[in-house]
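Going down the list, the sequences are from chains A and B. Using this note's numbering, read the first sequence as starting at 20 and increasing by one per residue. Using this note's numbering, read the second sequence as starting at 7 and increasing by one per residue.
What the hints contain is simulated information worked out from the structure, not anything from laboratory work. Treat each hint with caution, since some may be false.
[To be verified] Here are the simulated BS3-like pairs of lysine-lysine, each with C-alpha atoms no more than 25 Å apart in a straight line: (1) Lys229/B - Lys100/B; (2) Lys128/A - Lys62/B; (3) Lys128/A - Lys60/B; (4) Lys161/B - Lys235/B.
[Claimed, not checked] Some but not every residue of chain B turned toward chain A, in silico, with C-beta under 8 Å: (5) Gln30; (6) Ala33; (7) Thr34; (8) Thr37; (9) Met38; (10) Leu39; (11) Met41; (12) Val42; (13) Phe44; (14) Ile45; (15) Asn46; (16) Phe49; (17) Leu50; (18) Leu53; (19) Ala57.
A virtual CB, placed ideally from N, CA and C, is assigned to each residue, including glycine.
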Amino acid sequence: MLNKLKLLSLSSYPLLYRFMLWLWAGFSVFIIIVFVRFLSLADENNVTSINPDQLIQILVQLDLIDMLTLPDFWQLSLSGEAGNSAMFLGGYSAMSLFIFSAGLYTYHKNIEALHRRQVFLLLICAGWAHLLLAKCILLFSIPVKLTGPVIAVGALSVLYFSLSALIFDTYLCLRRKSL
Amino acid sequence: MSLRVIFLAGALMSFSCNADSVWQPIATHATMLAMVLFINLVFLGSLYVLAITKGKRHRALLETQVQEAQIDFLTQVLNRRGFERRITDKRHLKGYILIVDIDDFKRINDQYGHHSGDLILQDVAARLKEALREEDMIARFGGEEFVIYAALQNKQSAQELSCRLVSAISANKYPLPGVDEPLNVTISVGVASVLDSLNVSDVTSRKGVLSSAFKIADSNLYKAKRLGKNQSVMN
Chain A
20 MLNKLKLLSL SSYPLLYRFM LWLWAGFSVF IIIVFVRFLS LADENNVTSI NPDQLIQILV
80 QLDLIDMLTL PDFWQLSLSG EAGNSAMFLG GYSAMSLFIF SAGLYTYHKN IEALHRRQVF
140 LLLICAGWAH LLLAKCILLF SIPVKLTGPV IAVGALSVLY FSLSALIFDT YLCLRRKSL
Chain B
7 MSLRVIFLAG ALMSFSCNAD SVWQPIATHA TMLAMVLFIN LVFLGSLYVL AITKGKRHRA
67 LLETQVQEAQ IDFLTQVLNR RGFERRITDK RHLKGYILIV DIDDFKRIND QYGHHSGDLI
127 LQDVAARLKE ALREEDMIAR FGGEEFVIYA ALQNKQSAQE LSCRLVSAIS ANKYPLPGVD
187 EPLNVTISVG VASVLDSLNV SDVTSRKGVL SSAFKIADSN LYKAKRLGKN QSVMN
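Bound-form chain A, shown alone (with noise of 0.2 Å):
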């Protein structure tokens, strides 16, 4: 038998609300995979669109809306050749994302059972957090060394918390069904 926790867990929720989700969701994956292949083209200097100081700027300033005015963003980083998968690692994003989960499931288990709609919603917040807290900390001008470390942990934990929100999200749709 199903407890009242689990029943929440598993009901659904708004249609279109779940769509808007998703889509946000998905269109967060998109272009975390799109900005990383991007570096990777700039690493082996194959950015014609821009001059490299501009180039320079732009990635040290963490200009996500003249980054995605490039061709070069859009047209290089979709052919699926450029990328190093090593790129999409990322330690601390990935201990974000633990430490975030267990905070939630203690909250969910012990205080307040969160719905469905709530847990996406709140990984998809806490991803996009980490990036507007990287473009925050670039605003104050730190040493140009540190700009790549602040915008890995930002932009990695964009996907690694969406990309978790997807999952947790089919898992349950997934779940429910079987039922």
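Please arrange chain B on chain A, whose structure you already have, making use of the hints.
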């Protein structure tokens, strides 16, 4: 330029494993750790603070509901549940139980309607409350029956109190809407003492003591009714 970009990309891969000075790896790891902890602290902290606030609000609501569940809606005095709860919480039980019954209440209901009956009940409850002390307890046990617990020291005080209640109710007439002449309402009171000499510490003994006091008060009430109403009886 390419060196800086390489570093940027390299950092994504290896989190600055290519550090070329002593402070750099420490600063790098410290920054990343601080970021991770900060985000988690903010999110989980807000979640827990929110839960505490919600819990407090919920508790306050629950407390209000518990209070409301012990109050009689019509007369705004305690109901039976509230009375029993409060009296079992009392440390010392020594005092007197008074059972008050409105005389001929059925006739009032039949003659003037239930709405008038309700108004009479409210008025009687208000007058009884006025005649009692702050520390005395009054409850509506159902229908036209009220129960009072007064922590009085002797029989004389209990008799005085019961007489005061009887005269407080019959002193003034009760005006009713749509009725030309105000009504005369009287009560009968049965009194019994609650003995504390048994040192009633456990709940079962307390209930036994109260139950026997109730029985005596009830039989005194019927004596008062038989003797012509509008009076109190105490053995």
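Evaluated hints:
1. With a C-alpha separation of about 24 Å, the suggested pairing of lysine 229/B with lysine 100/B holds against the 25 Å cut-off.
2. With a CA separation close to 19 Å, the supplied pair lysine 128/A and lysine 62/B stays within the 25 Å bound.
3. Restraint check: the Cα-Cα separation between lysine 128/A and lysine 60/B comes to about 16 Å, which is no more than 25 Å; the hinted pair holds.
4. Between lysine 161/B and lysine 235/B the CA atoms are separated by roughly 21 Å; this keeps the pair inside 25 Å, and the hint holds.
5. With a cut of 8 Å, the hint placing glutamine 30/B at the interface with chain A holds, because the nearest CB-to-CB distance is about 6 Å.
6. Nearest Cβ of chain A to the Cβ of alanine 33/B: about 6 Å, under the 8 Å cut. The hint holds.
7. Because the smallest distance between the Cβ of threonine 34/B and any Cβ of chain A comes to about 5 Å, under 8 Å, the interface hint for this residue holds.
8. Proximity of threonine 37/B to chain A holds as hinted, the smallest CB-CB distance being about 6 Å (cut-off 8 Å).
9. Because the beta carbon of methionine 38/B sits about 4 Å from the nearest beta carbon in chain A, less than 8 Å, this interface hint is met.
10. Hint status for leucine 39/B: holds, given a least beta-carbon distance of 7 Å to chain A, under 8 Å.
11. Checking methionine 41/B against chain A by beta carbon gives a least distance of about 5 Å; that is within 8 Å, so the hint holds.
12. Hint status for valine 42/B: holds, given a least beta-carbon distance of 4 Å to chain A, under 8 Å.
13. The beta carbon of phenylalanine 44/B is positioned within 8 Å of a beta carbon in chain A (closest approach about 7 Å), and the interface hint is therefore held.
14. Interface hint status for isoleucine 45/B: upheld, as the beta-carbon distance to the closest one in chain A is roughly 5 Å, under 8 Å.
15. With its C-beta approaching chain A no nearer than about 5 Å, asparagine 46/B sits inside the 8 Å limit, and its interface hint holds.
16. Evaluation of the phenylalanine 49/B hint against chain A yields a held restraint, the C-beta minimum of about 5 Å falling below 8 Å.
17. A hinted interface residue such as leucine 50/B counts as satisfied when its beta carbon comes closer than 8 Å to some beta carbon of chain A; here the least separation is about 4 Å, so the hint holds.
18. The criterion of a C-beta within 8 Å of any C-beta in chain A is met by leucine 53/B, whose closest approach is roughly 6 Å, and the hint holds.
19. Taken as an interface hint, alanine 57/B checks out: its beta carbon lies about 5 Å from the nearest beta carbon of chain A, inside 8 Å.
The structure shown violates none of the earlier numbered hints.
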